[in-house]
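Chemist: Protein sequences appear in the order of chains A and B. According to the numbering used here, the first sequence is numbered sequentially starting from 34. According to the numbering used here, the second sequence is numbered sequentially starting from 155.
FYI, nobody ran anything at the bench for these hints, they're computed from the structure. C-beta atoms are modelled at their ideal positions from N, C-alpha and C, and glycine is treated no differently. Hints should not be assumed to be uniformly reliable.
[Stated by the list, open to error] Covered stretches of chain B, as calculated for chain A (at least 3 residues, CB under 8 angstroms):
#1 197-204
#2 241-251
#3 254-265
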Amino acid sequence: AQSVTQLGSHVSVSEGALVLLRCNYSSSVPPYLFWYVQYPNQGLQLLLKYTSAATLVKGINGFEAEFKKSETSFHLTKPSAHMSDAAEYFCAVSDAGGNEKLTFGTGTRLTIIP
Amino acid sequence: DSGVTQTPKHLITATGQRVTLRCSPRSGDLSVYWYQQSLDQGLQFLIQYYNGEERAKGNILERFSAQQFPDLHSELNLSSLELGDSALYFCASSEGGKRSEAFFGQGTRLTVV
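Extracted from the complex, chain B is given alone in its bound form (with noise of 0.2 angstroms):
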């Protein structure tokens, strides 16, 4: 168990819906990462938080947002759902810091029908 908690596992949701994933970090970590593993594109960066503020930002679409709040949990908000869209997504955490250890969630199947 790495200690991040996201929800739900799973999602199945129709095109052009909204959706909401949620991402509770480690204790005490401050830092944030959201990534997406799908079959064509591999596992890729999304978007990093830090302490509430966005700190980098990957290969995330402009229909996907995402937030971190004061008791640092995160979401991940992805709209006008697309078939291309069904895929893992990760939530990772860590203390901050180039030298830290990125801890990983077991991720949200969203599956788009």
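Looking at chain A on its own, in the form it has when it is part of the complex (with noise of 0.2 angstroms):
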């Protein structure tokens, strides 16, 4: 069976600073992971996946995320956080051997300070 953690449930950052939402994950097969945002009264967008290619991803919006099988991480950043980054964001694995449904974290809550 496959999960994700986010550590964290609510995230809050000034204006301008470093984002970073952690994600750990559990899988018995090599794992495709997921990341996306939910704005209110909205469905989920994609911002970046990791299907075995580069470890270090990059997405939309200026996020980036980095695999780290020997830390089975695949957490978020962004460099400077922007007012309009605020939202909810999940991390999700699905299987890379096929199963193609995805298992969701609980998500982060990210809130920016002015």
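Take the two lone chains, each set in its own frame, and fit them into one complex as the hints suggest.
Modeler: So, in structure tokens, the structure goes:
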């Protein structure tokens, strides 16, 4: 079975500061990993994905994430937070062996302090 | 706009009733997924269809069923509704295949009273 754990249900950072959202995964097979963002009253939008190519993945809106197998982590970062980054962020895992369903973490609500 | 259309956006119904949620996938996408988002359970995978056939099943209750039609739109049927079924129900679609990206609709918010 696969799972992801997101550390910190709420994270607050000042505008212009580094954003770091943590995600650790558990998988018995090579995983595919994803970060999604959900704005209020919206669906989920894919920020970036890791599918066993480069371990450092760049996504939209200046976000990136690094796959670290030794640490079973896939943390999301952005060098400088913007007010528009305030949203809920979900880490998700799927089975690289072919099962396409996504297993989501519990989400991290990011607040940006002006 | 993801290209995935879900109707209705909001639904309020009474316990014991039956409702149908509809999803139109992006043009060309063969896979449709249904997810439930609730405060206590988070985001949970319910079921996946690929080109009309059920491909994977998750934590879907027996009171719930889904199907994908020849035009690839999908419907999620929820029956004998309980208060705990109140949630946001998302549909997502993809081309299919393990590397393909899933695009999510804006969801249907179901409130059972």
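Chemist: Compare the structure with each hint and give your call.
Modeler: Do the hints match the structure? See the list:
1. 197-204: holds (count 4)
2. 241-251: Held - the region 241-251 of chain B has 5 residues with a Cβ nearer than 8 angstroms to chain A, which meets the minimum of three.
3. 254-265: holds (count 8)
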